[in-house]
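Novice: Going by the numbering used here, the sequence shown opens with residue 912, and the numbers climb by one from there.
Everything labelled a hint here was simulated from the structure, so no lab data went into it.
Some hints could be false.
What the hints assert, rightly or not - Capping the alpha-carbon separation at 25 Å, the derived lysine to aspartate or glutamate pairs in DMTMM-like fashion look like this:
id, residue 1, residue 2
1, Lys-952, Asp-1047
2, Lys-958, Glu-934
3, Lys-1058, Asp-1166
4, Lys-1058, Glu-934
5, Lys-1179, Glu-1145
None of these values were measured; they are calculated from a predicted model.
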Amino acid sequence: MKKTLNVFQFYKANQAFVYRLIEGLGKAVWMVLETFACIFKLEINCKSTIEQMVEVGWRSTPIVILTSFFTGMVLALQVGNATSNLFNEPVYVGTVTGFSMVIELGPVLTSIVVNGRVGAAITAELGTMKVTEQLDALYTLGTSPVKYLAVSRFLACFFMLPILTVISNIVGIYGGLILSTSTWGLSTYTYLSQSLDFMTVRTFIHGFIKSFFFALIMVIVACYKGFNTENGAEGVGKAVTGSVMTSIVLILVTDYFLTTLLVALRIK
């Protein structure tokens, strides 16, 4: 009885927050369902989708390469230092660097970096259209903003983020190779054999599967925040900040549960 009373008191004290949360979840689910309905009906603007793929994929490639290259170098440096202290020589540098990039750091870092660039841009663009009543104009013309604006962005993020993740994995392993050969004196053959000999197809699939989920999280949050922006220019800024922070938190939380599930399914 006491526990029931405490729950009721919590609900009364946070009633407005609970209502906003339920309303937000409902709007997000409805937007996702409408988007997938348009995709399954093949109501896709091919030109806009290609433009978004170029924006998400090609124009994000330099920052992804830069980030993953130095991440691989840092991993190789840290692993080499740690194993040198333990065994008096750097061992398993390629193995740890390769597995860390492919399983975790590749998909997670790529998602966060792309989210900071693309997710913020999507929210800002849609949010500006909302506060300047351009979305209302689309409704007036009988065009669904979700069909016109969200579908192409969903497809672009869903297909391009996994490709960027693969690029990140390769560049990260290469960055570790550069540092290992120059600092620790490992041969290219030794490093690559350490990186690849213990990996299986499941190892690559593990990180590849994660990238699809991270892409959906990023684009759903970005579009939702953009479509529901209020209060003019100030609201756009708050929407962008909220979009980036929410996506990062959800990506990291989802990463844990996905890892648990994939390990349970022996996809590792």
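Novice: Going through the numbered hints above, which ones does this structure break? Give me the numbers in ascending order.
Specialist: The structure conflicts with hints 2, 3, 5, although it agrees with all the remaining ones.
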